[in-house]
Amino acid sequence: MREWVRQTVEQFGRDRHQLLEILGHLQRGRSYLEKETLLAVAEELDLPAAEVYGTATFYSLYSTVPRGKHIIRVCENAPCHIDGAAAVLAAVQAYLGLQVNETTEDGRFTLETTSCLGICSAAPALMIDDDVHGNLTPESAVGILKNLA
Amino acid sequence: MSMHRSHILICSGSNCSHRQSRAVRSRLRQAITETGLEREFKVIETGCFGLCQQGPIMVIYPEGVHYCRVQADDIDEIVQTHLQKGRVVTRLLFKSGTEQSVELPKTAFYQKQKRVVLRNVGLIDPENIEESLARDGYQGLAKVLDTLSPEAVIAEVTNSGLQGRGGAGFPAGRKWEFTRKAPGDQKYVVCNADEGEPGTSKDRLILEGDPHTIIEGMAIAGYAVGATKGFIYIRGEYQLSLQRFRQAVAQAKEYGLLGQDILGSGFHFDIEVRSGAGAYVCGEETALLNSLEGKRGEPRYKPPFPANFGLWGKPTLINNVETLANIGPILIHGADWYRSIGSPECPGTKVFTLSGNIANRGLIEVPMGITLREIVEDIGGGIPNGRHFKMAQTGGTSGGCLAVQHLDLPVDIPHLAEVGSSLGSGALLVVDDSHCMVDLARVFLKFFAHESCGQCTPCREGTTLLKRLVDKIASGSGTAADIKAMRRLSTTMQMTSLCGLGQTVPTPVLTMLAYFNDEFMEHLDGGACATGVCRAAVKGVV
Ligand SMILES: Cc1cc2nc3c(=O)[nH]c(=O)nc-3n(C[C@H](O)[C@H](O)[C@H](O)COP(=O)(O)O)c2cc1C
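Chains as they are written, first to last, in the working numbering: chain W, 10 to 158; chain X, 9 to 550.
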């Protein structure tokens, strides 16, 4: 782990202004940033651990707690709201048995809400991992979840 | 290129992409190969055409026939009927109300538009710099480096009257001048592509459709203010923009349009691409600077302004994507030409993202000063499903909510300010009469309460308090005192919040209370929600 952090830091440069890029890289392919990873980054960049932790927790694309294999982000901003986002969110919650920001016990799904995905022409929308789905109905949203591996 | 008899343009922007345009594109290429037509027809993947609601869009030139909502299953028919027999596939043409059209540019949707920023979007392959160069790409930069001093460039931008398109509307030329005059050997140019305002996707579609115009704008800005290094901060969720922009930067370097000694002029300029990590407040310019420095994206106190104390304390020019997309054309055609577009107090065009209860949702560009009615009815195609217009919110969630009496208002920075709204980022959300304003206010305030960074007290506490007050009103237990409290809190936030986030939360709140006052009143003291929306929604929460 330590070696992997060192390599990443070296790849981006031992520079505070690369911190976000470094954290992004370290989280890629994993669900969150472990405490040990953050501590190692702090040491490599010679920063107080609180600085690294504070930065990581500021941004919604980073997580410091384990998340599910798939992250479901439902948009509930105004353009999606007026096209039925609340019903989509309710259906997804009921299907997964989750409240927002919870993870299923089997570790497969985490449910979050998201800021606007910018595809308001196809509202309501949600994002699963990196894929955006639009023109949803409660039924079609659940259908997409059922088809996930 | 000229070898081909016909060009087929197909949108590969992200709005069409998620409507299966990828499958359509690969099926099209396959069908053309199968029928041996690849020497006659060239397929070009472009950026957004604007009519996202009708996507995926395909255009066949030289005829200019536009097909809408094309699916993979339609490809065989298009190839057999149109490409082989020269007959139009009528069922795939654009329809809006009773209007059906072969060529989109002749429809009401396009007729009232004026394309400056979007001049190349939807017409070129954004992944191929040659296509940008074949139009007007880098001509402005070449002219500047060849014939103009930095001061002359700034004078041109100042005279054009261009105002920032990122939200605050500050005159671009003046900001350039401040940065040029600020003492310091190292200066920076930063492009703000953090677009997070709900209902806005114009910056993303510009970046996806014509990344080179932004590189050009940044390089010209660098020359004018005396910077050799630029950063673009692209929202982390915008993967396609990030990928296309990185590719465009690499191509520009290869062609000597970025890097050392650009076009033999002795001017050096480089661009570094950075990705955001999910925080609305990072669109605020000083928060963005902190984020670029690898810190928490908390806004800084102003003054000092970035022009004097920006990235790592150096003089820094920050402009929005759309602002920079205007720069090339202004320098090619001149300030007078630019001033001939739009209104006298507010020259030029504005790109809007149309969303909500409107027939033609998508991306449009109109001259400043066009009326709201023209946008909603002529370009937007009106309100669908037999419903009526109720509200239009300009400028995204932090913008004002306008009512039916504002439909003939000219849409530009000064006129919107007069009625307490703002042009903001150019989101335009249209809402029909089936929706409740109190319910919408809850949605807005939930967003702000979530996105407030928590650094300053008025915004951190104010957003949550406002949200509680609106929740209470929606539940039917609000009183006149709660409305009064909302007004007072809003005024306090406007005056005392540290950054534009807290300062603009009151914009939707106060305009709603001004123009939809009756609706709020109806909810008080156990009153009912006329649309029935609130009762249903609140039950879920309480
Ligand atoms: C909360 C908040 C979010 C903002 N988001 C953006 C944004 O996403 N993009 C943008 O260009 N400007 C945004 N701005 C405005 C910037 O602070 C700044 O005014 C702008 O980048 C300046 O560029 P311009 O003069 O070219 O408009 C935001 C401001 C605030 C207060």
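Note that these hints are calculated values from the structure, not bench results. In this text the structure is predicted, and so the values were computed from the model without any measurement. Built from N, CA and C at the ideal position, the CB exists for glycine as well. The reader is advised that the hints may include incorrect statements.
Said to hold, decoys possible - Interface residues of chain W toward chain X, partial, derived using beta-carbon atoms under 8 Å: (1) Gln20; (2) Gly22; (3) His26; (4) Tyr68; (5) Pro88; (6) Leu105; (7) Gly127; (8) Ala131; (9) Ile137; (10) His142; (11) Gly143; (12) Leu157.
Hint check:
1. Gln20: For Gln20(W), the interface hint is violated, since the closest Cβ of chain X sits about 15 Å away, which is over 8 Å.
2. Gly22: Violated, about 11 Å.
3. His26: 4 Å, holds
4. Tyr68: Check passed: Cβ of Tyr68(W) comes within 4 Å of chain X, closer than 8 Å.
5. Pro88: Holds - the Cβ of Pro88(W) comes within 8 Å of chain X, reaching about 4 Å at its closest.
6. Leu105: 17 Å, violated
7. Gly127: With Cβ-Cβ at 3 Å, under 8 Å, it holds.
8. Ala131: 7 Å, holds
9. Ile137: 12 Å, violated
10. His142: 7 Å, holds
11. Gly143: 6 Å, holds
12. Leu157: 16 Å, violated
The structure shown violates the earlier hints numbered 1, 2, 6, 9, 12.
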